[in-house]
Amino acid sequence: MLITLKDVSKTYDPGRETEVRALRGVDLEVKEGDFISVTGPSGSGKSTLLHILAGLDTPTSGAYFFENTDMTRASDRAKCALRRRQIGVVLQDFGLLGDDTALENVCLPLTVDGVSRKKAVARAREVLERMGIADLAGKKVNALSGGQRQRVAAARALSQNAKLLLADEPTGALDSQNTEALMDLLESLNRSGLTIIVSTHNPTVSLRAPVSYSIMDGVLKRER
Amino acid sequence: MNTLRIMNKLRSRGFLREFFLLATLTLMVIFTNILMEPLETYLDTKRELERDIPVDFDAALRFSPTAWYLWEMPEAEPEYHPEIHEALRAHPGTGAVLESRQESAHCALGGGTYNFDFILYSREYARYMPLKLREGSEIQGEEGRLSVVVTEAASRSLPVGTRFEMCPNGEGAPVPCLVVGIIGGAIPGADTHQPSDSAEFDLIGLTASNHPDFALVAAVYDPAFFDEVPWDPAALVLPEEGVDVSAWWESLGQETAQWGQLRSLTEYERAALETTLSENLSEELNFILLSLIAVFGYGAYLFLSVRVRARKFAVLSVAGMTRGRMFALNMGFNLGIYLLAAGLGWILTPWAAKCLVQMDRYRSAGVLGALCTGGLFLMTLLMSTAASLVQGRRAAAITLYRKGD
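Each protein sequence line maps, in turn, to chains A and B. Take 286 as the starting number for the first sequence in the working numbering and just add one per residue. Take 2 as the starting number for the second sequence in the working numbering and just add one per residue.
Note that these hints are calculated values from the structure, not bench results. Heads up, the beta-carbon is just placed ideally off N, CA and C, and yes, glycines get one too. It is possible that some hints are incorrect.
Not close to chain A: a few residues of chain B, all C-beta gaps over 10 Å, as computed [what the hints assert, rightly or not]: (1) I85; (2) I289; (3) L317; (4) V319.
Below, in silico cross-link-like pairs of lysine to aspartate or glutamate (DMTMM-like), each with a Cα-Cα straight-line distance of 25 Å or less [stated by the list, open to error]: (5) A/K291 / A/E314; (6) A/K316 / A/D292; (7) B/K10 / A/D378; (8) B/K10 / A/E314; (9) B/K133 / A/D420; (10) B/K10 / A/D292; (11) A/K425 / B/E19; (12) B/K10 / A/D384.
Using the sequences and the hints, build the whole thing.
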């Protein structure tokens with residue numbers, strides 16, 4: 286099993302007036318090669334779930350294992366190493382450095398990981414090619430369209446041959462045409478063996494995933 | 002190289018921001034150096050004197066008929082009373098009374114006249130605190146001429162071998178003099194202590210040294226030269242070995258209270274520092290205010306600069322960078338700018354001291370200045386970076402990660 290969540294809960298500001306219970310007793314098992322969508326309205330807990338899966342956030346209670354790693358006890362260093370090499374993250378607002386080129390952005394996890402400049406550039410070009418955006422390599426991200434940026438963000442997430450791609454509302458800022466194109470890309474990546482979890486409140490996106498979950502007030506429920 | 006690349010990504014693209022940071026830090030270094038200067042000078046002088054003068058600073062006392070520091074002038078004109086020194090010398094427990102006097106003089110030399118300060122030492126003074134002469138600089142004295150030794154700075158106008166005439170305080174008959182050596186160590190005095198190589202303070206030491214070449218060993222008392230000049234009978238008083246210093250000090254103070262005051266030499270030196278500080282109070286308050294502005298301005302800038310980069314930190318976090326590395330990178334980036342600012346500040350401080358705050362005698366702020374600016378910088382850097390990263394992390398989470406929900 287790639288991911289195992291057992292009775293995971295997340296509460297922000299516990300014991301205060303501003304307390305928010307974002308996740309309540311979530312159980313989830315994800316095998317390698319799964320393509321899962323998580324749907325729900327704003328504030329339902331989708332992003333919190335994905336951030337916990339990415340190691341950007343920690344559950345208040347419950348257990349989370351990524352393969353054999355206990356993510357609730359793992360150090361910041363260990364979680365960061367996983368994000369660099371095994372877990373790719375795509376965010377709604379792309380999470381790119383706007384002043385840098387697409388190539389530089391894709392190189393970023395490799396640079397952080399200490400990969401040599403030559404190898405990083407070669408690998409980044411290969412990934413951009415695979416995403417069909419090799420021609421954007423030298424363009425600054427600020428000059429790209431929303432669809433192009435999201436492809437660059439996906440390329441960055443996969444620059445190190447990640448096993449898992451977590452996409453938090455990846456189509457939130459895209460028009461329908463770019464949404465379709467991105468979902469085509471994700472499907473093709475999944476066919477090549479990549480495990481994908483997408484959070485969305487767009488039913489069209491959700492229907493493209495073979496496995497679908499819904500989330501409401503922090504409670505996760507399998508739909509199909 | 003990768004670290005430098007990431008550091009470059011953290012850099013703000015606006016040149017003005019970086020320039021502002023550099024300017025703020027440079028000002029902080031300059032102000033701190035200027036603020037530290039009087040304290041630095043005091044400690045340097047004390048260190049120099051302790052090295053050159055074989056007197057126990059903590060046991061030695063300074064007698065003065067004036068209030069205990071020069072700026073509090075006596076009500077009456079200073080006048081030498083031999084009985085004062087006799088009373089000091091005769092008191093049980095007293096080991097030695099070292100007399101000296103500091104005056105100014107007009108010196109006729111070649112076609113022109115020069116103003117110099119000079120110190121006269123008694124024979125006893127010279128025995129306890131012999132002047133150290135620069136090796137190889139001495140020549141034989143001449144009969145009928147006062148042998149004088151000069152500081153390094155004074156030797157530019159009065160090289161060894163120069164014959165000249167001097168009028169102490171501009172009064173009395175001219176005294177024929179001959180420069181017989183250059184002082185190589187500190188110049189001890191009961192009223193003041195001056196480093197011998199001060200470029201701005203030309204000083205002639207008229208020594209009563211036990212050096213055989215100095216003919217006028219009893220210059221202080223020689224009526225042929227200085228009879229008409231009134232002087233302040235300040236003196237250093239040393240206890241006998243093994244004496245209870247505090248008891249001796251107390252009884253001596255009571256006995257000589259009618260003539261003047263006794264203070265410990267250390268206390269006297271401290272008072273000199275306090276006087277210097279109080280004379281420049283308004284400037285110092287301005288420096289402190291400006292330093293605080295610089296420190297807080299820098300701290301606030303650091304804080305905001307990290308907040309502004311919160312999104313970049315969030316992106317780096319998504320790309321797998323640890324919090325510790327982000328902290329270290331941010332520290333490294335700011336440390337680089339600080340080192341540049343420190344270099345600039347140290348180069349600009351003498352100019353700023355002279356032109357901006359009219360400090361005539363700025364000596365390079367040494368270790369103390371460096372420790373102080375470095376300490377201030379590190380404290381500000383650590384506090385503002387830590388605070389801003391905590392805040393920045395929250396801001397990043399809100400602006401980037403949690404945008405979905």
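Each hint tested on the structure:
1. I85: holds, 76 Å
2. I289: holds, 40 Å
3. L317: violated, 7 Å
4. V319: violated, 5 Å
5. A/K291 / A/E314: holds, 9 Å
6. A/K316 / A/D292: Distance ~18 Å between A/K316 and A/D292 Cα, so the pair holds.
7. B/K10 / A/D378: Given pair B/K10, A/D378 holds - Cα atoms ~19 Å apart, limit 25 Å.
8. B/K10 / A/E314: Outside the cut-off at roughly 38 Å; violated.
9. B/K133 / A/D420: violated, 80 Å
10. B/K10 / A/D292: violated, 40 Å
11. A/K425 / B/E19: holds, 23 Å
12. B/K10 / A/D384: With a Cα-Cα distance of about 9 Å, the restraint between B/K10 and A/D384 holds, given a limit of 25 Å.
Of the hints listed earlier, those the structure fails to meet are numbers 3, 4, 8, 9 and 10, in rising order.
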